[in-house]
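Q: Listed here are the chains, written in short residue letters.
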Amino acid sequence: MIIEALIAFTFAAALLVFAVPNKYAGKVAFGLSLVPVIGSLYMWSLFESGGNALTGGDIAFETIIPWVEIAGIQVQWFVGVDGISLPLVVLTTFLTSLAIVSAWTPIKERQSQFYGLMLFMEANLLGVFMALDFFLWFIFWEAVLVPMYFLIGVWGGPRRKYAAIKFFVYTNVASLVMFIGFMALVFGLNVETFGLPEITQALANDQLGTWFGIAPDTLKLIAFLALFVGFAVKVPVVPVHTWLPDAHVEAPTPVSVMLAGVLLKMGTYALLRFNFTMLPEQASLLAVPIAIIAVVSVIYGAMLALAQTDLKRIVAYSSVSSMGYVILGLIAFTEFGVGGATFQMVAHGLISGLMFMSVGVIYNATHTRIVSDMSGLADRMPVAVGILIAGAFAYMGLPLMAGFAGEFFIFAGSFGSTFLPYAPIFTALAMFGIVIVAGYLLLAMQKTLFGEYRLETDYEVTAAPLHDVAPMAVLLLAIIALGVAPWVFLDMIFDAVAPILANGGGL
Amino acid sequence: MDPTVVTTAALQSQLPEWTALGPVIVLGLTGLLLLTIDAIWPKRNANTTYAIVSAAGAIIALGITVWYLVAGTGQETHGGAITLFSEAIVVDGMALFFTAIFTSVAALVIVASHDYLKGHENSAEFYSLLMFATTGMALMAVSNSLVTVFVSLEMASLPSYALVGFLKKDRGSVEASLKYFLIGALSSAVFLFGISLIYAVTGSLLLTEISAQFADGGVAGFAGVAGIGVLMIAGGFAYKTASVPFHFWAPEAYEGAPAPVSAFLSSASKAAGFVVAFRVFAEAFMPLLEVTPAIDWALAFAVLAVLTMVVGNFAAATQENVKRMLAYSSIGHAGYALIGLAALTAGGPHNGDVMGAAMAHLLIYGFMNTGAFLFIAMVEYWGVGRTFEDYAGLSQKAPLACVAMAVFMFSLAGLPVFGGFFSKYALFASAVSAGFWWLAAVGAVTSALSLYYYSRVVKAIWIEEPNGNLDVIESKPTGLYAAIIFAAVATVLLLPGFPIALETAEAAASALFA
Numbered sequence: 001m002i003i004e005a006l007i008a009f010t011f012a013a014a015l016l017v018f019a020v021p022n023k024y025a026g027k028v029a030f031g032l033s034l035v036p037v038i039g040s041l042y043m044w045s046l047f048e049s050g051g052n053a054l055t056g057g058d059i060a061f062e063t064i065i066p067w068v069e070i071a072g073i074q075v076q077w078f079v080g081v082d083g084i085s086l087p088l089v090v091l092t093t094f095l096t097s098l099a100i101v102s103a104w105t106p107i108k109e110r111q112s113q114f115y116g117l118m119l120f121m122e123a124n125l126l127g128v129f130m131a132l133d134f135f136l137w138f139i140f141w142e143a144v145l146v147p148m149y150f151l152i153g154v155w156g157g158p159r160r161k162y163a164a165i166k167f168f169v170y171t172n173v174a175s176l177v178m179f180i181g182f183m184a185l186v187f188g189l190n191v192e193t194f195g196l197p198e199i200t201q202a203l204a205n206d207q208l209g210t211w212f213g214i215a216p217d218t219l220k221l222i223a224f225l226a227l228f229v230g231f232a233v234k235v236p237v238v239p240v241h242t243w244l245p246d247a248h249v250e251a252p253t254p255v256s257v258m259l260a261g262v263l264l265k266m267g268t269y270a271l272l273r274f275n276f277t278m279l280p281e282q283a284s285l286l287a288v289p290i291a292i293i294a295v296v297s298v299i300y301g302a303m304l305a306l307a308q309t310d311l312k313r314i315v316a317y318s319s320v321s322s323m324g325y326v327i328l329g330l331i332a333f334t335e336f337g338v339g340g341a342t343f344q345m346v347a348h349g350l351i352s353g354l355m356f357m358s359v360g361v362i363y364n365a366t367h368t369r370i371v372s373d374m375s376g377l378a379d380r381m382p383v384a385v386g387i388l389i390a391g392a393f394a395y396m397g398l399p400l401m402a403g404f405a406g407e408f409f410i411f412a413g414s415f416g417s418t419f420l421p422y423a424p425i426f427t428a429l430a431m432f433g434i435v436i437v438a439g440y441l442l443l444a445m446q447k448t449l450f451g452e453y454r455l456e457t458d459y460e461v462t463a464a465p466l467h468d469v470a471p472m473a474v475l476l477l478a479i480i481a482l483g484v485a486p487w488v489f490l491d492m493i494f495d496a497v498a499p500i501l502a503n504g505g506g507l
Numbered sequence: 001m002d003p004t005v006v007t008t009a010a011l012q013s014q015l016p017e018w019t020a021l022g023p024v025i026v027l028g029l030t031g032l033l034l035l036t037i038d039a040i041w042p043k044r045n046a047n048t049t050y051a052i053v054s055a056a057g058a059i060i061a062l063g064i065t066v067w068y069l070v071a072g073t074g075q076e077t078h079g080g081a082i083t084l085f086s087e088a089i090v091v092d093g094m095a096l097f098f099t100a101i102f103t104s105v106a107a108l109v110i111v112a113s114h115d116y117l118k119g120h121e122n123s124a125e126f127y128s129l130l131m132f133a134t135t136g137m138a139l140m141a142v143s144n145s146l147v148t149v150f151v152s153l154e155m156a157s158l159p160s161y162a163l164v165g166f167l168k169k170d171r172g173s174v175e176a177s178l179k180y181f182l183i184g185a186l187s188s189a190v191f192l193f194g195i196s197l198i199y200a201v202t203g204s205l206l207l208t209e210i211s212a213q214f215a216d217g218g219v220a221g222f223a224g225v226a227g228i229g230v231l232m233i234a235g236g237f238a239y240k241t242a243s244v245p246f247h248f249w250a251p252e253a254y255e256g257a258p259a260p261v262s263a264f265l266s267s268a269s270k271a272a273g274f275v276v277a278f279r280v281f282a283e284a285f286m287p288l289l290e291v292t293p294a295i296d297w298a299l300a301f302a303v304l305a306v307l308t309m310v311v312g313n314f315a316a317a318t319q320e321n322v323k324r325m326l327a328y329s330s331i332g333h334a335g336y337a338l339i340g341l342a343a344l345t346a347g348g349p350h351n352g353d354v355m356g357a358a359m360a361h362l363l364i365y366g367f368m369n370t371g372a373f374l375f376i377a378m379v380e381y382w383g384v385g386r387t388f389e390d391y392a393g394l395s396q397k398a399p400l401a402c403v404a405m406a407v408f409m410f411s412l413a414g415l416p417v418f419g420g421f422f423s424k425y426a427l428f429a430s431a432v433s434a435g436f437w438w439l440a441a442v443g444a445v446t447s448a449l450s451l452y453y454y455s456r457v458v459k460a461i462w463i464e465e466p467n468g469n470l471d472v473i474e475s476k477p478t479g480l481y482a483a484i485i486f487a488a489v490a491t492v493l494l495l496p497g498f499p500i501a502l503e504t505a506e507a508a509a510s511a512l513f514a
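Residue numbers (our numbering), protein chains in the order written: chain P, 1 to 507; chain Y, 1 to 514.
Simulated from the structure, these hints should not be mistaken for lab results.
Possibly wrong hints are sitting among the right ones.
[Said to hold, decoys possible] Cut-off 25 Å, straight-line C-alpha distance, at most; resulting in silico cross-link-like pairs (DSS-like, lysine-lysine):
(1) K161/P <-> K397/Y
(2) K108/P <-> K161/P
(3) K23/P <-> K118/Y
(4) K168/Y <-> K43/Y
(5) K179/Y <-> K43/Y
(6) K179/Y <-> K169/Y
(7) K169/Y <-> K108/P
(8) K108/P <-> K27/P
(9) K169/Y <-> K397/Y
[Claimed, not checked] Some chain P residues near chain Y, calculated using beta-carbon distances under 7 Å:
(10) E142
(11) P158
(12) K161
(13) L176
[Claimed, not checked] Output of the computed footprint for chain P on chain Y, the stretches with three or more beta carbons under 8 Å from beta carbons of chain P:
(14) 123-135
(15) 418-430
(16) 441-451
(17) 459-470
Just so you know, even glycine gets a beta-carbon here, dropped at the ideal spot from N, CA and C.
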């Protein structure tokens, strides 16, 4: 029941905030958003890991209610969590609250609509990570796009219309491809429900028949490709990443935080749940091309970041690079690889959230994001800059911070992979990414934060207000905590990942 | 079955048989009552009275219809279809399902028209014409003979022509009305000729007898005549449902007509066309598919469905006028609903599913499309303008109505968040199970395209900056607002509530194929 309560409360909170006067909307929204945080922490405290929800393991907080039967297949309200989804649920609630606080300064108009949409998006994100029925999951998945479209389109920067439409079109086309591919699979399977566990197990038991004259193996391959394309856009990987920098640059800070912190994880989460859990054989077949995409994303994303002059674009492209690591970890298909990738989803969510908040705070103070315009900010805003530097080091993978744990596990897992041919070469190439990350982040920081202060403004640039810095500090603490004690999530992640690997017969 | 249902069922079963026609009778009497009031107390400003009376009539008719649906009147569970007047009339699940659509749309349109008609003369005539048209549609739903089909079709059409031309000082409205009437008259003639050919071949006008004749092979030697008859009748339906190739009137009529009337025509009148098409083809012409493969009307409908989906959606994508865009989109949706006929096969196990899904789509479409046109009605009421540019920034003046409009647009586009997704999915999935994957593919592709032009409206009202023409907005018309919000709530609730719609529709459709 707790999952229903959590989702229903968040929807109700969204409706309530729509009705609150603009002046109080931010505070009310923050107050209400703490309830899901507490709820998800409560779920965490009760959680006992017991395998993977899809491969027949325990499903915590499970509810199944039949909804409607369409063309012989039952759609259900089927929710529950396992060790893969719970960390992401906690990440979602946590980051939404902080993003709401970070919106207090930059969002100046139509606040109640803004915060209402943020909470509406949170409710749907929770649904994405907790739904275990394909149909239900797809409804939540698509429902995330609608608030995001408005959040970018209404509150965004100068080119917001273009960015919002591009985001909407890219992700919707991807969803359609993915949906059709998966439907072909489901119709061929002859399952009775859209329940993901049932579909996964039916696939593992070779129940797939011929469908409209398409042989099972071909059908699986088509479905795998359709799903991969659909999710790759969301992740995003090179070459379908072009919507991301546009969306990030135009989106206001809190929206960028949600976009990088949680929305990108929908893509990697779905890749893990669908492609790698359900169709491991096809993943094995396509291991080399996928690894190439991953490595190209890492290197090319980092190179693009290096070439940017806009701080926000730098952070945006570095997300492409970081997501490449996640894909590499997944395709390695070892316990450390897949587990590390899942951990990295959470770690990157926190770190990129922090980075976008820092850029936002600097922009609030200076009204520019161009690296060459700024210099010596460390003098004027010491606390915010201090946290930014710490966040940048987390991004570079400083030990005892969450980013290090994630990347270390991914590399450890991918280096020894037997699932992926030439694994050591791919790993070695991807590791170069770290060097470039360090390069562009240090370079950007040196230019903007240190040196002589020489920004020309007609007002005094002063330290950021407490409510801007506080969420950054909280994020930094969380990053360090996860870096020092990664096992709080890693144990349950490994527990949920192990059955996938057994299922696929990889290692 | 829970106790309340049993008692209402018991109560209903004690009523005489003719009460099965209750909704039709209530609708007709309400129309007459309006004329009577107008004749006895001819007041110029009795708009509110008429609106209340006609809304009450529509809601009572809706209430009775829903009661019958729940109580099982005319359905499998309670002794099957009720036939009256020597089988010329049949009340069954399908008739009730469609009557529920007509009466809900009529109620929404009446509530919205109250504001729209302020300051217009002859409001009594407007409401009574609306009630008579609804009566005609409700009769179309229960027609079981080609004669009653034709008579009720005319009864629904004639008031519609007058309604389209209701703004008699507006050239656009009058021109639209004339076009609608001329094309309507032509298609009626074609339809009637088709009926006479079928009568010539089978010697009967009752759907059940025609079906029996065809099943016996009575068509032998007259296959050509029967084929032309079927084709002509199909043409008549294509006109009524605004499908290709008889769709030309629709953009003109919907654009020129007062927006509440466009809402009524594009939702209720289209559904009325489908209910007769479903009944006539599923009941009377079904055996042809088996006995006379040469007369493959399902294939004809498949071709029409594809053309209608493609033409409607592509034409909508090129419009600059929002109302015209919606008119073309309603043509596209006729194409989706045509899958309900196109994917039928002789004795196919999925026939009930396919037609049921089309019915469910028409129900949800009834709410989302009516709501969208009523939003247009509100913009017309304000006098803001008609193009996408004129709509820019409306959300800053009327946020709630714009939320509703976003719901309608996304739901019409089939975004998974609202009712429109489920019904489209059910339609495409059942078409796939029936083996018509290519119909589903065309449907999915055109529906992806439709997101482009529907999202243009959302973009205009929410994301664009207002360009100074919104100052004319002074008041918020209560009735229009209420109708729009209600339609939006229904569109949202039909997502969790979709099983009720789909199961009722599938049961009703399956009864036809039993």
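Q: With reference to the structure, classify each hint as holding or not holding.
A: Now for the hints, and whether the structure bears them out:
1. K161/P <-> K397/Y: holds, 20 Å
2. K108/P <-> K161/P: Holds, at roughly 19 Å.
3. K23/P <-> K118/Y: violated, 37 Å
4. K168/Y <-> K43/Y: This hinted pair holds, its Cα atoms lying about 20 Å apart.
5. K179/Y <-> K43/Y: Answer violated: K179/Y to K43/Y is near 32 Å, above 25 Å.
6. K179/Y <-> K169/Y: Holds: K179/Y and K169/Y sit about 16 Å apart, inside 25 Å.
7. K169/Y <-> K108/P: violated, 47 Å
8. K108/P <-> K27/P: holds, 14 Å
9. K169/Y <-> K397/Y: violated, 30 Å
10. E142: holds, 4 Å
11. P158: violated, 12 Å
12. K161: holds, 6 Å
13. L176: At 5 Å from the nearest chain Y Cβ, L176/P passes the 7 Å test, so the hint holds.
14. 123-135: violated (count 0)
15. 418-430: holds (count 6)
16. 441-451: Result for this restraint: holds, n = 3.
17. 459-470: Check passed, 4 qualifying residues.
In terms of the numbered hints stated before, the structure departs from hints 3, 5, 7, 9, 11 and 14, listed from lowest to highest.
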